[in-house]
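Residue numbers (this note's numbering), protein chains in the order written: chain A, 1 to 493; chain B, 494 to 604.
In short, the hints are calculated from the structure, not lab data. Please note: incorrect hints may appear among the correct ones.
[Claimed, not checked] Derived lysine to any residue pairs resembling SDA-like cross-links, with alpha carbons at most 20 Å apart:
(1) B:518 to B:568
(2) A:68 to B:582
(3) B:513 to B:568
(4) A:354 to A:425
(5) B:601 to A:425
(6) A:68 to B:518
(7) A:423 to A:287
(8) B:541 to A:425
[What the hints assert, rightly or not] Derived coverage of chain A by chain B (criterion: at least 3 residues anywhere in the stretch with Cβ under 8 Å from a Cβ of chain B; other residues may be distant):
(9) 144-154
(10) 476-490
Ideal Cβ placement from N, Cα and C applies to all residues, glycine included.
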Amino acid sequence: MNIIPLFIGIPLGAAFVLVLLGKAKEVVSDVLINVVTLLLAIFSLVLIVFLKDNGVFVYTMGRWFPPKGINLVVDGLSLLMLVVINWIAFFVTLYSVSYMKRFTAKARFYSLFCLMIAGMNGVVLTGDFFNLFVFLEIASIASYALVAFGVEAEELEAAFKYMVMSSIASVLVLFSIGLLYGLTGSLNMADIGSIIQGKKNLLLSFSLVLFLAGFGLKAAIIPFHAWLPDAHPSAPAPISAMLSGVLIKALGIYTITRIFFNVYGMTIQLTWVFMILGIISMVGGGILALQQKDFKRLLAYSSISQIGYIMLGLGCGNYWGMLGALFHLFNHATFKALLFLNSGAVEYSTGTRKLEEMGGLSKVMPVTGATSTIGSLSISGIPPFNGFWSKLFIIIGLVQAGRFTLAILTVLVSVLTLAYYLKVQRFAFFGTLKKKWTEVKEVPSIMCVSMIILAVICIGAGIFFYPLMKVILEPAVVVLQEGTKYSSLILGG
Amino acid sequence: MIFFLSFVIFLIGLYCVVIKKNLLKIVMGIVIMEYAVNFFLVSLGYRKDGVAPIVTEGVKEAKFVDPLPQAMVLTAIVISIATLAFIVAMCIRIYQRYHTFDVTEIRKLKG
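In isolation and in its complexed conformation, chain A is listed as follows (with noise of 0.2 Å):
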């Protein structure tokens, strides 16, 4: 199938055709970026029927056939990413049409966005380390970049503090292929996989501690962690949707799952360590968030607690926790890009982000408003929202691992998300109406239309849970059962 390339080549193109658009009209950018985010978001889902066939797609670059040339590989897993990537994409390029006004050469912000986009798409699609970290360096820098955007004193002292954390991952990255490569003599992830199998080696298990380490700091789990807040509150807004919704995702725990199910083989050491990652990273981020004063930087925190999430269900190792960690990983795309945008929102019309400045914000704008609510009780886990079922999922996955200690733990988490948030609707948009904001007005239809498709499918997620897992999660799922067995898939196909 060929359109795997374009996922790349479409947004690395747009990027440079947008640049040179710097000094025509705005609108044609405008409109170039959401056609190009719109057009690969309609490809993610062709690729839904194509791969319902046939399980696996791999194409091979330039003819130059694995385990020597580089291919690109489409699996249940990464379709899963480059769905979340690219629909989450489409709905931030869209509500920047009227955000990013407020900045100058929006053009080239729309650039960094494509290249950010064509780093992701690489990251999931690629089945060659070395490919996978030059993927990473192009998402990181634009990533850099877009954080560094609005070149105040606080974005670049944020910027400053990210581009160290991640050029020290991308470093122990690199280090770790580089030993990999020297292990094994060869670059591609499927046969090292089949190379290492079974293997016990001093310096393969520290190519693997560099990994957790590098891929860790990316997405920013506990320990590694000390970036995120500042980085992600200080982007504007529809970058912070995207970083904390997409690139920590994309960059981190899509790549940890791919290379510690798929490349290394689970072992029950390492289901250990996600699941204490998990722990500290869910338990910590949410103590920290409920501590909060600014909005943003709250969203921030509970970033960090929903990703515990998702390691400790994948930490479970068993089909419900897997299936609820992948689960939580889309939804979690869905409500922390619609928070991030009603933040922006908010922010658009009053100017602030000081939640107790706020206060009965609801009245002036109903829509943001009414979304965040919504995005709220999702990220808290209360039915119907979809957050309600992945939290179930990897609750009963805790409980058929035999771990009931930290099922009640999550739920006990699960309880703390929804005490910060009712302070996030209590401060900011329940409550009497302060007489300054009496003057503020709904922010421009756009914006809203991408918070309310946001939203509708926070709740449609929840409702149709069970269409959505047949037919996206669980061929994920099952990518993360076999384990393994993808060398062999990927080299016999």
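For this one, chain A is given, so just place chain B on it according to the hints.
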């Protein structure tokens, strides 16, 4: 032995990033780490008495050095140059805002 050396250089870079207070010294630490990894990759491809991997007609299979790590290093260097250019540009912008390179004084963000 040579791999051990590259790891030592890597740790020097990491030390520099973690301990130093000056923005530019932190940047240098990152660069040192990147160079350590590049050094490691190049030394992976080294074969004793190896020659450049160019196949010549008539000559029997000579002992080649591994060309793949060299290609990888080239790519990695290009990427690190791009990162370096961007991070130094950011340092200049930070200096314009804060009038200092000291990280202990650059803290408007907390929590």
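Do the hints match the structure? See the list:
At roughly 24 Å between alpha-carbon atoms, residue 518 of chain B and residue 568 of chain B are farther apart than 20 Å, so this suggested pair is violated. Restraint check for residue 68 of chain A and residue 582 of chain B: not satisfied, since their Cα atoms lie roughly 38 Å apart, outside the 20 Å limit. Between residue 513 of chain B and residue 568 of chain B, the direct Cα distance comes to roughly 28 Å. Violation of the 20 Å bound is thereby established for this hinted pair. A C-alpha spacing of about 13 Å is found between residue 354 of chain A and residue 425 of chain A, which places the hinted pair at or below 20 Å, so the restraint holds.
Only pairs whose Cα atoms come within 20 Å are accepted, and residue 601 of chain B paired with residue 425 of chain A is rejected, the gap being roughly 27 Å. Restraint check: the Cα-Cα separation between residue 68 of chain A and residue 518 of chain B comes to about 40 Å, which exceeds 20 Å; the hinted pair is violated. Straight-line distance between C-alpha atoms of residue 423 of chain A and residue 287 of chain A comes to about 13 Å, which keeps the hinted pair within the 20 Å bound. For a cut-off of 20 Å, the pair hint linking residue 541 of chain B to residue 425 of chain A is broken: about 68 Å separates their Cα positions.
Note: the stretch 144-154 of chain A has 7 residues with beta-carbon separation from chain B under 8 Å; the three-residue rule is met and the coverage holds. Proximity of the stretch 476-490 of chain A to chain B, defined as three or more residues with a beta carbon under 8 Å from a beta carbon of that chain, is not established by the 0 residues found.
Hint violations for this structure: numbers 1, 2, 3, 5, 6, 8, 10, all remaining hints satisfied.
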